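There are 2 protein chains.
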Amino acid sequence: MINQSLLVKIKEKLPGVCLANQAMGIPTGVSNRHVHLSAADIEALFGQGYTLTPFKDLKQPGQYAAKECVMVVGSKGSISKVRVLGPARPTTQLEVSKADCYTLGIKAPVRESGALSNSADALMVGPAGHVHLKSQVICAQRHIHMNGLDARMLNVVNGQKVRVKTEGQCGLVFDEVVVRVNEAYALEFHIDTDEANAAGLRSNDSVFITD
Amino acid sequence: MINQSLLVKIKEKLPGVCLANQAMGIPTGVSNRHVHLSAADIEALFGQGYTLTPFKDLKQPGQYAAKECVMVVGSKGSISKVRVLGPARPTTQLEVSKADCYTLGIKAPVRESGALSNSADALMVGPAGHVHLKSQVICAQRHIHMNGLDARMLNVVNGQKVRVKTEGQCGLVFDEVVVRVNEAYALEFHIDTDEANAAGLRSNDSVFITD
Chain Z
1 MINQSLLVKI
11 KEKLPGVCLA
21 NQAMGIPTGV
31 SNRHVHLSAA
41 DIEALFGQGY
51 TLTPFKDLKQ
61 PGQYAAKECV
71 MVVGSKGSIS
81 KVRVLGPARP
91 TTQLEVSKAD
101 CYTLGIKAPV
111 RESGALSNSA
121 DALMVGPAGH
131 VHLKSQVICA
141 QRHIHMNGLD
151 ARMLNVVNGQ
161 KVRVKTEGQC
171 GLVFDEVVVR
181 VNEAYALEFH
191 IDTDEANAAG
201 LRSNDSVFIT
211 D
Chain L
1 MINQSLLVKI
11 KEKLPGVCLA
21 NQAMGIPTGV
31 SNRHVHLSAA
41 DIEALFGQGY
51 TLTPFKDLKQ
61 PGQYAAKECV
71 MVVGSKGSIS
81 KVRVLGPARP
91 TTQLEVSKAD
101 CYTLGIKAPV
111 RESGALSNSA
121 DALMVGPAGH
131 VHLKSQVICA
141 QRHIHMNGLD
151 ARMLNVVNGQ
161 KVRVKTEGQC
171 GLVFDEVVVR
181 VNEAYALEFH
191 IDTDEANAAG
201 LRSNDSVFIT
211 D
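Those sequence lines, one after another, are chains Z and L.
First residue of the first sequence? That's 1 in full-length UniProt numbering, and the numbers climb one at a time after it.
First residue of the second sequence? That's 1 in full-length UniProt numbering, and the numbers climb one at a time after it.
One thing to keep in mind: the hints can contain errors.
Chain copies aren't distinguished; within one or between two, either way the pair holds.
[As the list claims (entries may be wrong)] Okay, derived cross-link-like pairs now, DSSO-like style, lysine-lysine, Cα gap no bigger than 27 Å in a straight line: (1) K76 - K165; (2) K76 - K56; (3) K81 - K165; (4) K161 - K56; (5) K81 - K161; (6) K81 - K59.
Calculated from the structure, these hints are not laboratory results.
Quick caveat, the model's predicted, so the values are computed rather than measured.
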């Protein structure tokens with residue numbers, strides 16, 4: 001795989017060279033608010049011994065939207081029918097949009113998945129109980145999932161930040177898009193509903209890496 | 001004022017020249033959902049002979065947020081406390097975000113203010129009655145208000161579409177930003193709440209025209 005320092009060197013030597021493959025479309029995946037639950041929190045919310053019921057497969061292999069939903073409560077308001085995504089994870093993580101933060105009255109930071117230190121709190125309510133989320137609520141930073149072959153074709157590396165161009169009447173260029181490379185990933189540009197609305201994007205719309 | 005064809009000629013002759021003044025910050029104005037009402041609709045919603053009560057001056061001279069609010073109803077849901085902006089206008093126009101469209105169950109097109117042909121419908125309910133909006137609901141296209149002096153300093157002309165760059169963790173570049181020049185306007189980059197959330201922008205944050 002081409003590493004970051006090599007890319008930088010090429011760019012320094014040949015500033016006119018287009019490093020990213022700008023002809024390769026990347027399908028968009030719009031993430032509505034959702035929660036990943038630990039096995040312990042699944043039991044606390046839905047009952048002892050409870051396991052999630054897959055409802056719809058997601059594009060990322062092995063991931064699914066579960067039948068189960070929860071209510072999320074903040075100091076200013078609540079949001080019902082927040083979808084649970086499966087399978088269970090080691091740590092519960094709630095992902096919301098900035099619009100949701102206003103509704104709930106919380107200040108969730110923009111973070112990569114898993115970077116929960118000093119993130120926001122909320123109360124989560126299920127049919128069998130509630131769970132107090134402590135530093136477990138984030139706004140997901142825009143990112144692209146891809147495997148190693150995609151990364152080589154797109155001339156990008158894991159952790160690199162790229163710019164992503166959208167087209168149409170609400171076209172824009174997203175800066176600060178994090179590339180996440182893993183052999184288990186399907187190629188997909190993940191944004192939240194605020195970002196999708198701003199750009200006029202829907203799931204499966206093609207976007208392009210740009211300089 | 002520099003006209004568009006002259007700008008194009010300059011750009012053709014001197015492609016390296018920066019035509020827009022990229023050092024001049026433009027303050028952001030985030031528009032939440034709101035409605036401009038005709039005098040007749042003010043009476044239909046609030047009672048015979050009723051006039052709006054100014055509540056807070058807006059940055060655009062002569063414009064104000066009124067004390068009055070209305071409820072807006074669509075086929076899928078309703079939104080209460082939608083702010084009325086004054087003064088009264090010849091034609092009632094409701095401006096919503098795309099997120100609001102999902103809540104209401106309507107499909108409002110992205111349009112410049114006043115371009116209402118084939119736009120969306122909604123029901124508007126006030127304390128004294130209701131009004132059926134027919135082809136009077138839009139998502140406002142991102143735009144910059146400015147006067148002639150601002151336009152000369154920014155090297156842009158009325159009706160021109162420019163790109164606007166924002167900074168920070170959610171930085172992006174908005175394409176398709178319409179310049180609107182009028183001596184009555186104060187310099188202000190108008191976006192809706194979806195766009196503000198996507199870019200991490202708040203009212204009065206500075207943005208910049210870019211190539």
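Hints and how they fare:
1. K76 - K165: Neither way: K76 and K165 sit 35 Å apart in one copy and 32 Å across, limit 27 Å.
2. K76 - K56: between (31 Å within a copy, 24 Å between copies)
3. K81 - K165: neither (32 Å within a copy, 36 Å between copies)
4. K161 - K56: neither (30 Å within a copy, 42 Å between copies)
5. K81 - K161: neither (33 Å within a copy, 40 Å between copies)
6. K81 - K59: within (21 Å within a copy, 38 Å between copies)
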